[in-house]
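> Here is what each chain is made of, one letter per residue.
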Amino acid sequence: MTDPERANLPPLQLHVPEPRFRPGDQVDYSHLPITAAGVQPRPDEACAASETHPLCLDLVRVLGEDHLAVGPWDPKLAPETLRRMLRLMALTRAFDDRMYRGQRQGKTSFYMKCTGEEATSIAPAMALAADDMVFPSYRQQGILIARGYPMVDMVNQIYSNKADKLKGRQLPIMYSAREVSFFSISGNLATQYPQAVGWAMASAIKGDTRIAAAWLGEGSTAEGDFHSAMTFAAVYNAPVVFNVVNNQWAISSFSGFAGAERTTFAARAIGYGIAGLRVDGNDPLAVYAASRWAANRARANAGPTLVEHFTYRAEGHSTSDDPGQYRSLQERSEWPLGDPIARLARHLEALGEWTPDDHAAMDLELAEEVKAAAKVAEANGVLGHGLHHPFRTLFEDVFEELPWHLREQSEQAIRERQIKWPEWKEEDS
Amino acid sequence: MSEAVPSRRLNMIEAINDALDIMLTRDPDVVVMGEDVGYFGGVFRATAGLQKKHGRTRVFDTPISECGIIGVAVGMGAYGLRPVPEIQFADYIYPGLDQLVSEAARLRYRSAGEFTAPITVRSPFGGGIFGGQTHSQSPEALFTHVAGIKTVIPSTPRDAKGLLIAAIEDNDPVIFFEPKRIYNGPFDGYYDKPVQPWAKHPESEVPDGYYRIPLGKARVVREGEAMTVLAYGTMVHVAEAVLAAKGVDAEIIDLRTLVPLDIEAIEASVQRTGKCLIVHEATRTSGFGAELSALVQERCFYHLEAPIERVTGFDTPYPHSLEWAYFPGPVRIGEAVDRLLSPKL
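Chains as they are written, first to last, in the working numbering: chain A, 1 to 429; chain B, 1001 to 1345.
Be aware that a few hints might be false.
[Said to hold, decoys possible] Quick list of in silico lysine to aspartate or glutamate cross-link-like pairs, DMTMM-like style, CA-CA up to 20 Å: (1) K1217/B with E400/A; (2) K425/A with E401/A; (3) K162/A with E396/A; (4) K76/A with D1029/B; (5) K76/A with E401/A; (6) K1217/B with E65/A; (7) K206/A with D1027/B; (8) K1246/B with E1323/B; (9) K1217/B with E401/A; (10) K1053/B with D1036/B; (11) K162/A with E1114/B; (12) K1200/B with E1169/B; (13) K206/A with E1335/B; (14) K76/A with E65/A; (15) K375/A with D363/A; (16) K375/A with D97/A; (17) K1217/B with E1169/B.
The hints are simulated quantities; they were obtained by calculation from the structure and are not laboratory data.
Next comes chain B alone, as it looks inside the complex (with noise of 0.2 Å):
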């Protein structure tokens, strides 16, 4: 075994922080751009202290214009940079959805490869915190089913920053979705309990300086053989509970990258466990986890001992005051989980 590489406790925030820092230290061609990013470091303070540190013209506030922002960090691209913008909430995203998809995604194709879009759009994701139907959605969907475009989602902070240092550095445009709820510690779906911090998670301890999670690996949070779990994002972790919970010996798959998907690890697990559930917190009707069923029943049919379960939100607007009537909690994966294990026949 190799020596152990120096490393320290820090939440979701704080592993991106050190991501956007150390890229911009040891990449003079990356800027960190977007709303309230600059002086203030961002309204999750995600790149606080990196304005200081790098100087104004490498970390800088934008005006409130997702198109202009994304659109501007495709001409940067195409000038050799690395930009990494910030769109404050993926609520606000779809201003920019065509110069992310018609732009971002096709230059490399439409140029033959004489101009590409290396830039990493961050922006946090998904409910829990009480935001209402414009700063609680999920919509990896749109982007996933977009040709060229990456779309990633970590889950720990060890991973935040491992996954952010390898988008940064791919040279494809990639959507990089943070689970808001788990900024500051893992949820287990249990919204009465107390929150926990990542203090007392495993996957807070991130090592020190320069690593790369490579995109398109997924990671088996806890290996088992009664049915296998595929999530992402806030969502591995209320699975984990949840089996847990009911004492239920299940696979774990974190995906962390939807595109390029991990296709062998799904696979290989569901051929072994022979069950199948997907968890995500975005709306259900043409989910990801529609595509994740459609692949899994063409690639396991002949393993599979049980209907492919599907856990999601429901096909409406985030709400506020019954947030917790919408997420996908305990009680709706565990029903999930009861009808795996037992079947009608």
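Here chain A stands alone, though its shape is the one from the complex (with noise of 0.2 Å):
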């Protein structure tokens, strides 16, 4: 029986968080605040935490209507610099384009693109030391890049073949190259980020200068462990920085299903005593001045910060994912921070550094580039086509050595193989 009391309240109501814009609807982003470039206060490195609280309800921005660069945040990078940035974006997108045409003549089984995000990559990655351990997610292959990995081993990962460093084990573009401190991708969404909280306490354990930086999407938030790094990146005030890849969708659940409606993603920084900051993730050298004040303060011993990078996804999650089924594709042409390339490409032509025929001409030479790596990638295989890695090698790396159930299991299959094909043997695998 209702307390009578209570029997004139309307029924408790559930909010199931809605998008603004479903396929076919008209965009309007009118709704989004997004303030004037220039105008947000930098505080000092080692300021109280607290004291980033506004910044992260605004949006650091550096670029300006008119392509210049204003206000405190701006870096004053050198313009061979900032063409060194805008190389990486278009080599990361020239990538991007050509593994996703890969993944569909069938050379391998998924891509994940980082269209519009490439910014949130090249940017921080060229702030940090180049030896700073970065902990990505699944869309960070920008910093690889950045960090002048190879591209043909990126290519070989990817086609699963038998130069794939990773021995054909991991999913494609769940990269690990430790050579540029870069960490084994999981695959599982934001372990990840205790991990990396774990790398920057041990660095501090042993009085080392390195720090970590880890990243994850906004859908990711909402995890567990998110949660948990933060908690102990405040309690041993560990020197990691935390990007939040804010790109407003995950697979096809908005931004909403992690909370967007209630607050923004740093905001959650100031309840742990953890500096935040929002920026403009389209704006390269807003993004790049966020992560430069994160790095220094960082490694100064001033504490961790969480960088929600507002950006958007300009494409489908995965080549597995057709966003047009959920999202309208107004979205990408109607999102009001523009593109990350094109902005340094007009802001580099405002300084008069640079002109559309460069640009042209170094899109020609990055696709180049590019289908170079491929051709001789695709020389080690693609996935499917028989050229992987030798047969036994299933059975390593479980363990530091093989105990006698894994060989037991190594022999069987073995077996198996030699009944399907009498002829195979075990070296020429």
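With the hints in hand, could you dock these two chains into one complex?
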């Protein structure tokens, strides 16, 4: 029986978030508060975490409507550095285009592009030291490209071929590249966050000078690992930079399902006593400046920072996804923060350091560079065409040494092979 | 014979503390962390005095977050440390499962050896202490089912020290379950009798200094001909007492390590005795006893003279007031022994 005191109350209602636009809808982003570039204050890198709270609700922006860099966050990068940044972002996009086509041509099972989000990998990679350890999620291929990891090795991994350094064990793009301080990508979401904190704590225990940086998408902030990582980082004042790439969509779930209707992702930092910055993720200079601020703060023992990169996932989640099924295709063209590559190119043009012809020439050159790398890798095989790692590697690296039960199972696997293909020899697998 | 190594009488807690102390001293990359392990020295005192001796950045308290503790340990391992996190009770390990199962266990494999997780997760497990359903569980089978994790369970102070040192030095992730019922003395299953201290047990004579007991090697507790008993942790002592009370000449094997398993010791013994009794405290269905039973059946079928017997806890949550009704004690073991010795033909 309902308590008579409550008889006249309206019934409780469950709020289930719903995005503003669905397929076919006209897109209007005028509800998004986007402040002018250059007006956001830049606090001291060693400031109290709480002092960053206003920045968690704002948007750090450097590139203005006139394509010039303005305000205290302008990192004042030399033109050659800006051109390098532009080139790395364009190379990442060219690589994505090639690999996307490779997947469509059946050369691999899966691919994930980072179109529109290039700045959120390239600019932080340039702001960090080359030996700072990065704990990426699955859309940070730009870091490998920025750190000069051989593109051929990336393609070998994507094609799971006989030259794949990960021995064909990981889903395409789940790279691991210790030589460039790039941690193994899991595929389970947010697990890299506490690991990055642990790495940073170890670096502090050892009195090292290297810091850690981690990435995840806004959807993954809902995982418990995110909360654990923030708590540990705050407790031990770990030298770590947390990047939340808010690209608005987690497969088909808009950011509202991670709590974006209530507050920003950057604002979460404040409750933990961690500095937070919310950045225009399509403004490479703002991303660079915020990353530099956070890296300097961490390296000076002044504490961790959470950087929310406000951006837009211009394409599908992966090659297995069709975003036209759940969101308006107009979103991409209407996105009010533009495209990071186009914006940096306009900036360089405004400085008199770049021309549309330069850009067209660069794009051609990069497409050729990627094509050449893909060709070299393709000679090592593509997925499912027999040129994979030797058969026995299936059982290696489960443990440091092969225990008896895995030895027995490997013998079973070889027997199965010989039954199926009597001519098959283990040595030439 | 070599000269006798100096030794001391230690209980299992002291032996574990000694192993941690030795490894913190020998290897500057070893760190010990967990809830209450620092200044206080752990709720079971396993880390007592270690922070004072080795400093706050080597031995420290953590937030109450098993996901965080294990996730951070994986990251420290990637850096090059050799973390020894403690999960205060095995019952609390579940929030850390993803970091163990999907991360620590597979890191070497998925990165083709670029990164490893050389972590040793210590955790008190098992019941018999009136801990109720959240302080008594034996979840070892969850971990033996995972490719890439080693599972170690000592049953004596001497083994606890040597196995823990070997686990810490191992380059793979190890789950090290400490049977808390026998921290302070071997438990024979007769809960209504006075507790025996470790001091009267020969295996409490613990060699001083560094030594290892290799992972994957079982210990023959007692040689015998009438049957083979496979057990680990607390149940080694319970089984030993029951068989002694019944006057059965059983061969008792303490497995010590479940993965990798000492299959040779098991096969050799069962093929000789022709009978096999498996005893564990964990729940029955899909318990590690099922794996042992399958292995013995596959490898020793033509030597078996009776059906394999499994004695386990019941498939219920661990009860509080009816703890001893749950516990696979002398009556349940005794019945199984009788069945093995006089099988219905």
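> Does each hint hold? Answer for all of them.
Hint check results:
1. K1217/B with E400/A: Roughly 17 Å separates the two Cα atoms, so the pair holds.
2. K425/A with E401/A: 24 Å, violated
3. K162/A with E396/A: 15 Å, holds
4. K76/A with D1029/B: Distance of about 41 Å is beyond 20 Å: violated.
5. K76/A with E401/A: Violated, at about 52 Å.
6. K1217/B with E65/A: 71 Å, violated
7. K206/A with D1027/B: 13 Å, holds
8. K1246/B with E1323/B: Roughly 24 Å between the alpha carbons, so the hint for K1246/B and E1323/B is violated.
9. K1217/B with E401/A: Given that 20 Å is the threshold and the Cα spacing comes to 15 Å, the pair holds.
10. K1053/B with D1036/B: 16 Å, holds
11. K162/A with E1114/B: Distance ~17 Å between K162/A and E1114/B Cα, so the pair holds.
12. K1200/B with E1169/B: 30 Å, violated
13. K206/A with E1335/B: 57 Å, violated
14. K76/A with E65/A: With Cα atoms ~18 Å apart, K76/A and E65/A stay inside 20 Å; holds.
15. K375/A with D363/A: 18 Å, holds
16. K375/A with D97/A: Distance ~15 Å between K375/A and D97/A Cα, so the pair holds.
17. K1217/B with E1169/B: OK: K1217/B and E1169/B at ~16 Å, within 20 Å.
In summary, the numbered hints that this structure violates are 2, 4, 5, 6, 8, 12 and 13.
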